[in-house]
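Asker: Okay, here's what each chain looks like letter by letter:
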Amino acid sequence: MSQPTAPSSPSRGRVVVAVLAVLAAAVLAGVSPADAVQGELVRIMYVHVPAAWLAYLAFVVTLVGSVGYLVTRRFVFDRLAEASAEVGVYFTGLAIALGMIWAKPTWGVWWTWDARLTLTAIMFFVYLGYLALRRATAEPAVRARRAAVLGILGVVQIPLVHFSVVWWRTLHQPPTLIKPDKPSIEGTMLMALLAGIAAFTVVYGLLVARRMELARLEADLAAAEASLDRPVAGSAVTAPELGEAR
Amino acid sequence: MRRYAKFLVGAGILVAVLGVLIVNLNDNLVYFQTPTEVVERPAGDARLRLGGQVVPDSVERTATETSFLVTDGRVAVPVRHVGAPPDLFQPGIGVVVEGSWDGETFRSDTMLVKHDENYSPEDPERPFTSP
Amino acid sequence: MEPLVRLDALRVDVGSTPILRDLDLVVESGETVGLFGANGAGKTTVLRVVATLRRPSAGTARVLGVDVASDARFEVRRRIGYVGHLPGLYPDLTLAENLGFAAEVLGLPADRVGEVLAQVGLAGAADRLASACSHGMQRRAEFARQLLVEPELLLLDEPHSALDVDAVDLVEGLVARVVERGGGAILVSHDRDRVAKLADRCVELVDGRLR
Amino acid sequence: MIPFRRAALAVARRELRRERRRGTVAWVTIPFGVVALLLVPLAVGTEQVLLRRIGPGLYWVVVLLFGVLVAVGDHDGRSQRDATALLGIDPVAELTGRALAATLLLLGFELATGVAAVVLYDLPVVGLPQLVVVMVLVAAGLGLLGTVAGAVAGAGPGAALVPLLVAPLAVPLLLGATQTLDGFVQGRSTISWILMMIVAVTVSAVVVVVAAAPLQEGR
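Chains as they are written, first to last, in my numbering: chain A, 909 to 1154; chain B, 8 to 138; chain C, -10 to 200; chain D, 887 to 1105.
I should point out that these hints are in silico values taken from the structure, not numbers from a laboratory.
All figures in this text were calculated on a predicted structure; none of them were measured in a lab.
We put the CB at the ideal spot given by N, CA and C, even for glycine.
Mixed in with the good hints there might be a few duds.
To be verified - A few chain A residues that don't get close to chain B, going by computed Cβ distances all over 10 Å:
no. : residue
1   : Ala932
2   : Gly976
3   : Ile1004
4   : Ala1029
5   : Arg1042
6   : Arg1043
7   : Leu1058
8   : Glu1126
9   : Ala1132
What the hints assert, rightly or not - Simulated crosslink set (EDC-like; lysine to aspartate or glutamate; CA at most 16 Å straight-line):
no. : chain 1 : residue 1 : chain 2 : residue 2
10  : A       : Lys1012   : B       : Glu67
11  : C       : Lys186    : C       : Glu20
12  : C       : Lys186    : C       : Glu147
13  : A       : Lys1012   : A       : Glu948
14  : C       : Lys186    : C       : Glu161
15  : A       : Lys1012   : D       : Asp1008
To be verified - Some residues of chain A that are not near chain C, with every Cβ distance over 10 Å (derived):
no. : residue
16  : Ser919
17  : Arg922
18  : Val925
19  : Ile952
20  : Tyr998
21  : Val1034
22  : Arg1053
23  : Ile1066
24  : Leu1068
25  : Trp1075
26  : Thr1084
27  : Arg1119
Make the full structure from the sequences, and use the hints.
Answerer: The following block contains the structure:
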């Protein structure tokens, strides 16, 4: 039985770095100029794009964790895949929600079925399914194996989602940053966007580390409880007190 | 590791199939057609989406309608949009209009403004104005 | 005074196959009866009829003064305690929530749940899902539920299965409690010796008849 | 005998607590319903005008077909049923409590998929009072029907039958819901459709009361 250990709180340094990064990004997003066409709406981009970037990053890390688990059968990789997928689903949802808020005044509708939007929604639901699959499977080894297969297959969607705007004519604008020629964005805006991406990445790292720690503690707790089950003595099961009533 | 060889083969086939799909589905996955395409392929009464830039100086507004030309740089199509256009609608911007042919004009009832990938400040001279 | 249980010429068929035939049995107040027999002898069926959960095909069964085939059975059910050999806990609720539901239905204060779980030695497992508990722990929780319900008639099906030494004492304590208050109990088992220790008298069921 | 209200409320709370532990509605049924709303336009066409016209109908079909899955809940095995019965709970109270819990879950399902439908199909939200009445009536009707069907079909392989048993019986609810809102938009009187739904819900409630004892005891 592995002895449960106390939760190690994340080093204060990492939290401070994350807070500072987010603050810096927020200031840059605030002082950067309004867009010539969109006006102030452009500021949604400074969260929308980093959130979408984190979705890609998170699901690639889930792939890494899944492959790592299948190759080594070490649960730390499974926890990495799980933590990253949870954070990824959250940020995919955030990117979709912010996109909708931006789309209503810009396009005139909350939602439309162009390739980028539809594929992003499908990616969101596939990884939501990944999390539901994890919830539905109790046995850790079986859960890790099944989830790993889905975590590997799911990653196929990332290039589809990202390049959908290049391969097919969509309503969604093509990429501004990751494209063959130089980014088509004014300098201050680019700085604000890059700062946002950097800050979100730091936050992502913090969240995943925290979530993995939590998963490890849960696993330890379950293991501790399971080992108490067989010998009746222990904290969970004690001798009945009913005898005194006789 | 032999077990994963099968998995890799499967993944390879999947990627290949997806590649073929991406190339072949091109026509079906586009969100809108360009003016050149709609002129070359007459659609009859069918509804379709037409996308392009609004030709500057072609916009005429009345109380209920907005008329303008949509171009892809080669062909310009006259569009009559019924209803209020979105706030961002302006000469030179990209639009996608949904509707059908009414003679030589494209009659639209739904208009989406298509933003492009270029971001530039309102006033390039003063990039650091706070909002 | 009418006995707790009176079975007269009881017959139970499944389809056209008789499970119980011409069964007569009386359990008086303050009495503990052991019912033993081989697998398939019909022991569980007797208990389910007495628990009002199964209608007789012929004959009569009166429990706590009412006929089990009449609508009056709903009135006496609360006074019957039955622990079947499969656990009757909701697997997706914790032990405390399972018992809390019973307490809520019976209008008992919620802190009784903690008390009875402690009495059966499950204080440390109160917040564990029933599905995460071993069979023996679930049986203990079932006994805790009987402490909550305080039945006048206690029906235990294979009370010793899946229990450790401590929990076997628990069965004895539970039966003693019910009998002390003027109730009675029927204990069903394939193991004559264990039941005989607890029971005032034993009857054997062979092929659906008492011997 | 245990007071009816207390027993029914305890059963409802128990069922809601079980759903919270399982998370089937929140994690599977609602996302699946939203996926259905997302996929149907890929098959019928994605024009905004068309979707605004057929969107409400698609929404109610999704509510009906997926709502059945919410309403059925999880059926108990025999040992759980025995244990509950011996607490002295009236079979009618047991089913009433289950139907109550199902109705509340269905309201949550309707709300979540409703927001999704409004956003996806760009639907105008009109006639809020009528909409609220219709949503409550559909939830109550489906909750009652699903509970009865669940008790009829029982656990195990029979449980797969439930959607087939309920869907045809829920037609009055579907018609009432779509016609009430349609009627509101076109300025027609909607009271007769609402009355029809109330009748459908009442009939389902009567079925629960009459069928409870035979269904719960007859096995």
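Asker: Please go over all the hints and tell whether each is borne out by the structure.
Answerer: Each hint, compared with the structure:
1. Ala932: holds, 15 Å
2. Gly976: For A:Gly976, whose nearest Cβ neighbour in chain B is about 13 Å away, the distance exceeds 10 Å, so it holds.
3. Ile1004: holds, 17 Å
4. Ala1029: At about 15 Å from chain B, A:Ala1029 clears the 10 Å cut-off, so the statement holds.
5. Arg1042: holds, 20 Å
6. Arg1043: Holds: least Cβ distance 25 Å, greater than 10 Å.
7. Leu1058: holds, 13 Å
8. Glu1126: holds, 29 Å
9. Ala1132: Nearest chain B Cβ is 33 Å from A:Ala1132, so the label holds.
10. A:Lys1012 to B:Glu67: violated, 24 Å
11. C:Lys186 to C:Glu20: holds, 13 Å
12. C:Lys186 to C:Glu147: OK: C:Lys186 and C:Glu147 at ~14 Å, within 16 Å.
13. A:Lys1012 to A:Glu948: holds, 14 Å
14. C:Lys186 to C:Glu161: holds, 9 Å
15. A:Lys1012 to D:Asp1008: holds, 10 Å
16. Ser919: holds, 32 Å
17. Arg922: Nearest chain C Cβ is 33 Å from A:Arg922, so the label holds.
18. Val925: holds, 37 Å
19. Ile952: Holds: least Cβ distance 41 Å, greater than 10 Å.
20. Tyr998: holds, 26 Å
21. Val1034: holds, 26 Å
22. Arg1053: Fine: 21 Å to the nearest Cβ keeps A:Arg1053 off the interface.
23. Ile1066: Holds: least Cβ distance 35 Å, greater than 10 Å.
24. Leu1068: holds, 37 Å
25. Trp1075: Label holds. Min Cβ-Cβ 46 Å, cutoff 10 Å.
26. Thr1084: holds, 48 Å
27. Arg1119: A:Arg1119 is indeed farther than 10 Å from all Cβ atoms of chain C, at 22 Å.
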